[in-house]
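First to last, the protein sequences are chains L and Y. Numbered continuously in this note's numbering, the first sequence closes out at residue 1024. Numbered continuously in this note's numbering, the second sequence closes out at residue 516.
Don't take every hint at face value.
To be verified - Straight line, CA to CA, 30 Å or less: simulated BS3-like cross-link-like pairs of lysine-lysine:
hint	chain 1	residue 1	chain 2	residue 2
1	Y	K455	L	K730
2	L	K815	Y	K242
3	Y	K455	L	K906
None of these hints come from the bench; they were simulated from the model.
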Amino acid sequence: MKSDSPKGREYWKSLDHPAETPEFQEFLHREFPQGASELNELNDPVSRRSFLSLMGASIAMAGLAGCRRPVEKIIPYVVAPEEIIPGVPNYYATTMPFMGNAFGLIVESHEGRPTKIEGNPDHPATLGRSNTFIQGSILDLYDPDRSKAVLHEGRQSSWNDFVTFWRNLYDKYAQDRGRGLAILVEPFSSPTLSRLAHLFRTTFPEARWAAYEPLGNENEYTGVRLATGLNLQPIYHFDKAEVILSLDSDFVYAGSDNIRNAKGFIDGRRVSSERDGMNRLYMIESSFSNTGALADHRLRIPSALVGAFAAALALELQAQGVVIRDNGVLGPFSRHEFDRDWIRILAADLIRARGKSLVIAGGDQPAPVHALVHVMNSALGNIGNAVAFHEISDSELSSIESLKTLVDDVKSKRITTLAILGGNPIYNAPADLNFAEALKEIEHTIHLSSHVDETSGAVEWHVPMAHYLESWGDARSIHGAISVIQPLIAPLYGGAGSVEVLSLLTTGSDARGYDIVRETWQKIISNGDFETEWRRVLHDGLLKGIASPAVNAPIDEASVFAQIGSSPFNRELPTRDNLEIAFRPSLTIYDGRFANNAWLQELPDFQTKISWDNVALMSPATAKQLGLNNSDIAALEYRGRKLEAPIWILPGHADNSVTLHLGYGRKFGGRVADDVGFNAYLLRVSSAPCFDRGLTIAGTGQTYKIVTTQNHHSMEGRPIIREATLEHYREHPAFANEGHEIPPLYTLASNHKISEQYQWGMAIDLNVCIGCNACTVACQSENNIPVVGKEQVGRGREMHWIRVDRYFNGDLADPEIVHQPVPCMHCENAPCEEVCPVTASLHDHEGLNLQVYNRCIGTRYCSNNCPYKVRRFNFFNYTSKTPESAKMVFNPDVTVRSRGVMEKCTYCLQRINAAKITARSESRTVRDGEFTTACAQACPTEAIVFGNVADPESRASKMKMQNRNYGMLAEYNTKPRTTYLARLRNPNPLLEEFEKKQA
Amino acid sequence: MNIKAPDAPNKSEQPLIAGNLTFHDVTEKISGVVESGTPRLWYALISITGLLSLMFFIMLGHLFFTGIGIWGLQIPVGWGFDITNFVFWVGIGHAGTLISAILFLLRQRWRTSINRFAEAMTIFAVICAGIFPAIHVGRPWLLFYVFPVPNQMSIWPNFRSPLLWDFFAVGTYFTCSLLFWYLGMVPDLATIRNRAKNRIKKIIYGIFALGWRGGNRQWRHYELAYLLLAGISTPLVLSVHSVVSTDFSVSILPGWHSTIFPPYFVAGAIFSGFAMVLTLAIIARKVFKLDNYITLNHLDKMNKIILVTGLMVSYSYVVEFFMAWYSGNLYERFTFWSRATGPYAWAFWIMFFCNVVVPQIFWSKRFRAHIAVMFVASILINVGMWFERYVIIVSSLSQDFLPSSWQYFKPTIYDIGMLIGSFGIFLTLFLLFVRFLPMVAMSEVKAVLPQANVHHQGPEAIELETGNVRG
């Protein structure tokens, strides 16, 4: 932006110039009449023409920047920029700062236009994998609702004006040592931001500094501090643990290290034959998380009782001989309502696996629970094995306390200027702080944000924030890997990175992000030639060989138990009139930052399968007690605050506990976000940001339309997902196919030509699928899958090519959940192909079931005859209303389908062909693992394996050779190419026997 | 019709045409409808049906502009009202062909009073039926892809697809029915041409009468052609709905994949077709005072056919359930159990009541002769037959193999509007037909009058036998 804004130009164009006059503007636009003038430029400046020039500028050597800032060199991952070949994408490494962590990425760029994100295999936080948020974040880049101009009191202004404004203030504050100045940042972990923060604090020693995000990992760090007295980062090595106890921690999906944790956990569960072992997971939680769905044993208790459970467990461990010096603090916890046998057997199992067990507490649990968990881990000898503490550096951690102090300062009129760098506190700050009111007390307010959101509307200066794919920066992962955030494109709507804004605030001078980051890195790269090393970092996506050192921090049991002794854990069960309220991030739009992301809004919640809304989750028993049913609007009252929200029953939820997902109910979030769901932040207070009791619920007699992508939750006894315990598997290695004998089947017509070189196939290991939906979003991103909106989802017309089916098993109150990703099966004997009257659905010689869009007339007969119902129909022209800018996220290698056409999973045909073309040009065949489908690539646990099944050595072939391999509905002679590997559970035989007895 | 001289009427039977009419009476009566002024009622009716048709076409326009998403279809229910209506209308058509072709070959001379409008009904029903598969596709402008037209890409339609068979079957059926209907009408058109007092009418009817003069040779050719067409049409009665049923039975969907479908569908088609003929006949008889032509005897015979085909349909229902149980197939069993007890149970039990219970009243001779009862019954049967297709199509799709994809189908205003609109089109065409074309085959009716019998002994003999003496 900077000099681009029309008002920012300093030269004039005519004598009439006082020239922001409408006539002059009109003249400018009419110079090339009839369409040449870009439509609605101010509202949607990224039209095709301006986009072309922008993206040109983003590619190094483009040289047409004109009055834009000089072009910086960014280094492609594989192919050098001067070798850009139209039609051949380039790949660049960059980093997504998120959840206080840094996720190293490889981004696919088509002629300067980023279209697809994958994990960087070299980066410890992604390991080449990704999750829904990472996959979805590319759409945010092209969000047409992003802020497009600097606003001063709501009116369009310019970056230069803002810089001028700040320079005036800067001198004043510099003299006053920063008195009256305050800054509120989003927590970060970045060498450059950290350097600037340090500089800021030195320049303005009396300035107030606060860091807040609604879902910061504050408890975790405070817990560690309580246990060790140090600020340390706990890192978990799930792959080293044989017995895992999760205390309300959804570690496979939530939490800043979710990809690594999921992969590590699953690596400890991956079996290739009946001789392999599996880890065992015990889960204690209130709501039903993805981790809970994977658990071998799950106990549902209200969140508030998790601390008491941990204490009871610690006592039991003690009783079984583990040394925990509690000074008698734990004594009172011997009286509890938990199942004593359960705890006894659990404790015995943890002790059995001493040194190879792991206890982890959820981010929502208060610090003392975390501290107690560290005590137990230490006593069990797990620290140094499955748990390690690492140094934290370059980080600013979230602190509600700092925000509170800031607000108090504001209320006592001690703050004259507040700069909010990122975040949206008016929307998501604790409701009791009344941040909106506080903001009015301040003379000058500055807000850096990607959208003109709730907060931007209440500040003096709004500065548009650039997306991480369009601004320079750097980030440090919690493991200590440092990487540069290199932009793939010049800011589409102008906008500045937080690095640039913080630098301006700190130094008073307007520097370029590139220079600021390089300045930091001059110190980081100490040996070797800076330019070479810098280029290597950009190319690799991180500075290799750097990791935070592990710290051997002894656990200070005395202080932990002193803390627990002074404020003991709650032991009271919530009741019907005093319900528990728990706040959780949305599984799809997180804390609301992805609320304007249509992919993620439409993505169904993993457990409830609700799309486009949030709900108040409760157990069947609680709903029955309250006389409420699904979709009933209930009046929630908590600490005098009231909110109406629809109810949803989640079997397996703890009784008398209600879970609310944050992030919805936006008012100024954009065209997608606004008025979707209800805003749970309105009930959240600073003293109980995670859970509390004191909630009352009453029905209102009204109902609300909730849409789901799955309406039936039982497998109806059908052999769809096949599952056994590890023990059973060892006795019956072929259990997946036993009892499902397929009679000899004959095919009438089989005249497919068969290629001997390539036969594509897929294996999905249900034992390692965590149900995280990353595959669904990755597929949506790769294959230009349209978003259809709530109304259409309600009609059953969602378009996802790969969906994750979820079934409940067992008892309604306390069921098990199983997940199953379902893409096209690419049946060798495909029912869809037989019935298409125009041969739009047909087989190719490499075993792909193809859908020829040009030939399809849309009879939908193929879908009717598809037993897996994986075909998706364009009932309307779903892409016609795609905003111009959002069209840029489309993958140019994949057709955008018109209305009236059937579509479905292609096994990423475009990737197959690209790989074949490359192989042929190199006179070789495609190597196994050289490429894979988008779903398989995104999968954090490698549950999906794709490859050439004509090659017996390929990973896919080897998966299919395992004895757990089965074809879903294979008895219908469809001969599916996508096969499943049966799911396993590894329950504790003692506990299982005991549970059976109870039942 | 008389290929050879009609057999002597069975003395115990009532005469086929009551009222002891002369040839001239027949001509006067039937041509009179066409020649006399247009009754007010006709205007009133056609404005209603015309408006319904107009609604259909407006909705169709909207459908073409926005897409078939305006219907309630979804995944998994990819076919809903569209194909239900198609099968329903094709089924309706069957009675006409059965009456005109099979009953002709079987020398059922009573058919002459009703065959003309039954055939007309066939044509109009097939027109209504043909609309739906054409517009139900996502991209109707590319419908020609199903034509086996040689092209430079050497792409042929998929001859294994039942939808393509449908296209041929229904196309053939429509062509044959139209020819048959038109051919049978030529002598009557000539009669009207001859009687026309208005020059324009003379020319128009003249063109369509194809220069018919009623000469001996013309009659000979005519009768041979008619016989041949009857021969060609006869297998079509069985084949068309058998082919339509393969749309379902060839698929692997539980509830569709069933070998009983072809005979079951044919029986159902005749069942519903006769019910529709009955509905129309009762109205026409009343409005145009055709009691002498469509006698209680005719109605009684049709009711018997309805009873027989109704029993065949009921049998099929039972066998389907039995086979679902007997097969031991998890999915089949569930589908049928769910049909009767699940979310579509309401539709199933409407179907069951209308198609199984209602026709049982025709065991009673009294009801077979009771106009009001049979009128209500005929309408109920068609309601039931529409729901039969709805149940088969929608309930099977809605709950198939993987419970994760199950969805309940909810029709939109466009689904319902286009169903009603198709009745508007059907009835508009029918009203135009009764106004401008001879609705009873005069030449054929004359042939079954006692006077046409070479052994006819004069009107008195009949009068004495029937006691029907003209005053």
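Now for the hints, and whether the structure bears them out:
1. Y/K455 / L/K730: The hint holds at about 15 Å.
2. L/K815 / Y/K242: violated, 65 Å
3. Y/K455 / L/K906: holds, 25 Å
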